[in-house]
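Colleague: Chains as they are written, first to last, in our numbering: chain R, 1 to 271; chain Z, 272 to 628.
Since the hints were derived computationally from the structure, they do not count as laboratory data. Just so you know, not all the hints are guaranteed correct.
[As the list claims (entries may be wrong)] Heads up, simulated BS3-like pairs for lysine-lysine below, C-alpha to C-alpha not over 27 Å straight-line: (1) Z/K356 / R/K185; (2) Z/K347 / R/K185; (3) R/K166 / Z/K273; (4) R/K185 / Z/K376; (5) Z/K376 / R/K166; (6) R/K185 / Z/K600; (7) Z/K347 / Z/K386.
[Said to hold, decoys possible] What follows is a list of derived Cβ distance ranges for each label pair: (8) Z/K347 / R/D263: 55 to 65 Å; (9) R/V92 / Z/I570: 19 to 29 Å; (10) Z/M378 / R/I123: 55 to 65 Å; (11) Z/K377 / R/A260: 52 to 62 Å; (12) Z/M378 / R/A260: 55 to 65 Å; (13) Z/K274 / R/I96: 27 to 37 Å; (14) Z/M378 / R/K166: 21 to 31 Å; (15) Z/D397 / R/K166: 30 to 40 Å; (16) R/L63 / Z/M378: 32 to 42 Å.
C-beta: ideal position from N, C-alpha, C; glycine also.
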Amino acid sequence: MNKKKLLATPYLFWSVMFIIIPLCMIFYYGFTDKTGAFTLENITAIASAEHFKALWLSILLSLISTVICLLLAYPLAMILANMNVNQNSFIVVIFILPMWMNFLLRTLAWQTLLEKTGVINNILSFLHLPTLNIINTPYAIVLGMVYNFLPFMVLPLYNALVKIDKNVINAAKDLGANPVQTFTKITFPLSLPGVISGITMVFVPALTTFVISTLLGGSKVLLIGNVIEQEFTQTGNWYLGSGLSIVLMIFIIISMILSAIFDKDREGALL
Amino acid sequence: MKKELINLENISKSYDGQLILDDLNLFIRENEFLTLLGPSGCGKTTTLRILGGFEAPDTGRVIFDGTDITSLPPNKRHLNTVFQKYALFTHMTIAENIAFGLKIKKMSKSYIQDKIKYALKLVNLDGYENRMPDSLSGGQQQRIAIARAIVNEPKVLLLDEPLGALDLKLRQDMQYELIRLKNELGITFIYVTHDQEEALTMSDTIVVMNQGYIQQIGTPEKIYNEPENAFVADFIGDSNIIDSVMIHDELVEILGARFACVDKGFGENKPVDVVIRPEDVELVSPSEGVIEGVVSHVIFKGVHYEMEVMANGFEWLVHSTKMFSVGTKVGIKVDPFNIQIMNKPASEDEEAVSIDE
C-alpha cells in the first residue's frame, strides 16, 4: 500500500462505520419482519392511506417551499450579482448572519413568534388587527422551510449569475433584445445550473425534515419525516421505519437523477 | 469627401472622480475604417462604449446620421458591437447565435436561414451551423462574433480589441480578413486597439488618444511620418526623440550639431523636440557624418539589425540592413526630409511614454 492510500484510511473507516454499515442495517431491517424473514411489507406500507398522505404532503410542501425560495432568491441574487464586491459583502453578511445560529434555535424562535399568544399576535391585537393563526398548520411549516432553506437557494444562484460575462448581456442588448428578452433568452438560461442546484439543495432537505414540522406543525401535521421518526423513537418498529426510509431514499435519488439529467443536457450541449 | 455619419460633441466622462474623457470631439465618416489607438486607460474603450450605448457620457452629445442618440439604449441603436472576448451565447448553437438579432426583429425563417448561410460564408466558416461556441478555436469564435453582428446590417460596426486574445499569426490573418470584410460590406468600422501595428495595417484614419484627450487624427502615413507630438511619435513605432533648438527656418541644432531640415515657421532659437525614426538614421564613415559616435549594442532582428549608437551623449536607435560591430566608430547622417520637428509638449499627456504592453 502506498502512502497516499494510507492517508485515506481514516476516511475509509469513517465511511464504513457511519455510512456503509448504517445503510446496510437500514436495508436489512427494511426487507425483514420481526422473525427475520424476508418481506416487502415494510416497503409496500407506504401505500397505506396514512403513510401515503404524509409522503404526498411532504412532497407538496417541499415543492411549494422550493418555488417560493426560487422566486424570492432570484431577484436577490441578481441584485447581489450586479453590485460590486464592496457593496454586496455587507448584504451577504446580513444574509448569512442567521445561519451562524443553530437551526433548531431559529425554528424554535419562529414557534414563539407564531404562537396564538406569541409575539406577532400580541403586536397585531395591540394594533387591533386580526390575529394570525398559522401555527400548527402547513402554512407555518412552509414558512419555516422557506426561512431555513432560502440561503441554500441564494448562494448557487448568485454563483451562477456572477459567472455570466457582462459583455454577453451587453451583446444581447446590442443585438436588439429589450430587458425582458435579455432575461428570458440569455440571463435565465445561463443561470440554469445554479437554479438546478438551488432546487436540489432546498427540495431534498425540505422533503426529509421532521424538526420543522414537529416544532411548527405541532402533532397535527405529519410529514413523512415525522412518521419515520415516530417509528424509530416511539413505536420502536425499526422494520417499518427502515422500509419507509428506503422509499423516501428512492424519491430523493429520483430527484437527484432528474436534476443531474437536466444539468447534463446543458453540459452535454456545451461540449 | 464622404459625409459625416457620427459626431461626438464635447463628450466628457469620469468614474469615481477620475476623468476618463475630457471634452472629446470627433467625427466619423461613412465607410471609414477608423481606429482609436492608445495605451490602456486612455479612454478609447469608454468612447466605444458610449457609441454602443453601454455608458452614458456625463456631458456632450452623440449624433448619429443627424439624430441625437445620446440617451438611446443599446437595443435601439443601428450599430453593432464585436466584444473583446467574443461574448458568444454559450448555450446556443452557432446558427442560433447568428440568428439572435434577426429573431428579435421577427424576420422570416427563410430570410434568417439565408442570412446565416451568407454570414458563415463571409467569415469562411460554412458548415458550422450546429456546432457549439465552446468547440471552436478563439479565432473561429471571433469570426462568429463578427458574423453575429453583421447579419443585422448595421451602418457601423464597433470592434473592441477583437484580436487581443489571439496569437500573433492568427491576428495577422484576421487583420487581412477584417480589411476584406470592410471592403465587401461597405460599412463603417470603428476599431479600438492598443496595438500600433494593427492600427497602421488596417485603418483609413487613426485617432491617437492619451489620458482622455485626442493627440492626433490622421491617415496611418501621416501619423507615422509626421507625428504632432512626442507622445504620438513614441507610441507609433520606435523613434529617437531629442531635445533640440530650432536655429532658424530649415536649420536645427541637435545635440550641438547643426542639421538641415525642411520645417519652417517655428521661430528662431526656439527649443523643440525632434523625431527621427530609427530606419532614417544613416550610419556612414566618421568623416562623412554630421555627428560621430560609437556602436554600443547590436541585435539581429531578421529583416534588419537594431543598433544603438552613443553619440554626443545620446543613445541613438538605428535600424539598418548593414551591420556595424560593437565598438566601431561611425558617423551619423540624416536626410533633411526625415527630420520631424515638433513643438515642446504643452501638457503632461503629450509627453513621450514608455509602453509596457
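Colleague: Please go over all the hints and tell whether each is borne out by the structure.
Modeller: Here is what the structure says about each hint:
| no. | hint | result |
| --- | --- | --- |
| 1 | Z/K356 / R/K185 | holds, 20 Å |
| 2 | Z/K347 / R/K185 | holds, 18 Å |
| 3 | R/K166 / Z/K273 | violated, 36 Å |
| 4 | R/K185 / Z/K376 | holds, 14 Å |
| 5 | Z/K376 / R/K166 | holds, 23 Å |
| 6 | R/K185 / Z/K600 | violated, 70 Å |
| 7 | Z/K347 / Z/K386 | holds, 21 Å |
| 8 | Z/K347 / R/D263: 55 to 65 Å | violated, 36 Å |
| 9 | R/V92 / Z/I570: 19 to 29 Å | violated, 54 Å |
| 10 | Z/M378 / R/I123: 55 to 65 Å | holds, 59 Å |
| 11 | Z/K377 / R/A260: 52 to 62 Å | violated, 37 Å |
| 12 | Z/M378 / R/A260: 55 to 65 Å | violated, 38 Å |
| 13 | Z/K274 / R/I96: 27 to 37 Å | violated, 59 Å |
| 14 | Z/M378 / R/K166: 21 to 31 Å | holds, 27 Å |
| 15 | Z/D397 / R/K166: 30 to 40 Å | holds, 31 Å |
| 16 | R/L63 / Z/M378: 32 to 42 Å | holds, 40 Å |
Hint violations for this structure: numbers 3, 6, 8, 9, 11, 12 and 13, all remaining hints satisfied.
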